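Full structure from sequences and hints, please.
For reference, each letter of the sequence shown is one residue, going 1216 to 1562 in our numbering.
No lab work stands behind these hints: they were computed from the structure. Heads up, none of these hints are tricks.
Calculated lysine to any residue pairs in the SDA-like style (CA-CA distance at most 25 Å, straight line):
{"no.": "1", "residue 1": "Lys1492", "residue 2": "Pro1405"}
{"no.": "2", "residue 1": "Lys1370", "residue 2": "Phe1467"}
{"no.": "3", "residue 1": "Lys1333", "residue 2": "Pro1405"}
{"no.": "4", "residue 1": "Lys1478", "residue 2": "Tyr1494"}
{"no.": "5", "residue 1": "Lys1542", "residue 2": "Tyr1390"}
{"no.": "6", "residue 1": "Lys1492", "residue 2": "Ala1462"}
{"no.": "7", "residue 1": "Lys1415", "residue 2": "Thr1268"}
{"no.": "8", "residue 1": "Lys1478", "residue 2": "Ala1462"}
{"no.": "9", "residue 1": "Lys1370", "residue 2": "Asp1421"}
{"no.": "10", "residue 1": "Lys1436", "residue 2": "Glu1456"}
{"no.": "11", "residue 1": "Lys1415", "residue 2": "Gly1497"}
{"no.": "12", "residue 1": "Lys1415", "residue 2": "Thr1232"}
{"no.": "13", "residue 1": "Lys1413", "residue 2": "Trp1480"}
{"no.": "14", "residue 1": "Lys1515", "residue 2": "Asp1525"}
{"no.": "15", "residue 1": "Lys1413", "residue 2": "Ala1449"}
{"no.": "16", "residue 1": "Lys1542", "residue 2": "His1311"}
{"no.": "17", "residue 1": "Lys1436", "residue 2": "Phe1467"}
{"no.": "18", "residue 1": "Lys1370", "residue 2": "Thr1232"}
{"no.": "19", "residue 1": "Lys1515", "residue 2": "Thr1432"}
{"no.": "20", "residue 1": "Lys1418", "residue 2": "Ala1346"}
{"no.": "21", "residue 1": "Lys1492", "residue 2": "Tyr1441"}
{"no.": "22", "residue 1": "Lys1542", "residue 2": "Val1323"}
{"no.": "23", "residue 1": "Lys1415", "residue 2": "Asp1429"}
{"no.": "24", "residue 1": "Lys1415", "residue 2": "Leu1348"}
{"no.": "25", "residue 1": "Lys1515", "residue 2": "Pro1505"}
{"no.": "26", "residue 1": "Lys1492", "residue 2": "Asp1472"}
In this text the structure is predicted, and so the values were computed from the model without any measurement.
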Amino acid sequence: MSLTSARPRLLTGDRPTGPLHLGHLVGSLRNRVRLQATYDAYFIIADLHMLTTRNTPEDIAQIDQRACGLVLDALSAGIEPEHADFYLQSAIPEVHELAGLLQSLVTVSRLERLPALKDMARDSGLDMSFALLGYPVLQSADILSVRANAVPVGKDNYAFVEITRELARRFNGRYGEVFPIPEIIAGEAPTLIGTDGKRKMSKSLDNAVALSDDASTVRRKVMRMYTDSNRISADVPGTVEGNPVFAWLDVFAVDTDRVEELKRWYRAGAVGDVEVKEYLVGVVNDVLEPMRERRERFSKPGLVEQLIEDGTGRVRAETQETVYAMKRAMGLTGAWNRIRRRAERAR
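Set out below in structure tokens:
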């Protein structure tokens, strides 16, 4: 992606904690693919954010492989490399300096009021760490480092991006206009329930169909999905509402008439769970097959690594420029230059 592009900028990305899945596809990836027609995208591989809840030596040792897997998942879903810079967050040391310059513009109490932070701490089973408390500030540094004009987010992350907007306004108001105020592009897709029928699809809960799953793996996972626990045979009327098989069909099936027909039959006890699941297997594989073809195209050895290396270099240059612009606006560069000039005169 060209540094001189006149198109507006968008920041998106994921933590390298495992492969992307169908929940990511409906929750964010489809929206990202749509937006690339209008925006240049910066796709962050947020390994520093991963460390807030996943920081064992084993987790860290897998970052490179998982980073490449994330990029391959995004490419397979339809992200085009000419409209996106993929970059590794930890390879941009200047983002820490940027975050440090922002820290004085937000209070601890403001961060502690964010429900999403409490949820992250609870889900990790850990007490709130300093790194987790500062998660929204570091995320703001990511967004502002490339002076993004927009950030596509799900409902869970609205509050994080609102912190970024507050910080950008506060900085601009105090020191002068440096940052655009990033627009929140809200994802409207429903949360996809996992194969267990109980919780949101998650990489860590063993209830996900990965975008990289082959056809036989999709079949195995779908055929073991939770349906209606009160239905002991196919001739017993079943419940459609809250049934994850039908929830998935509502999201992914193209033939809506066929889905409505299956719902009527299911409620009447005229079709079995196996038949409905068989239909869902075909629907999911129809969604994933074009991705498998794109995945094959981008699986040339070293190609993904080269994309990450090139993108990281460009983003680091952008971040260095942003940090300099911030320090100049704040007067920090002037302070250093005056000290240097006085030192030179004293020699």
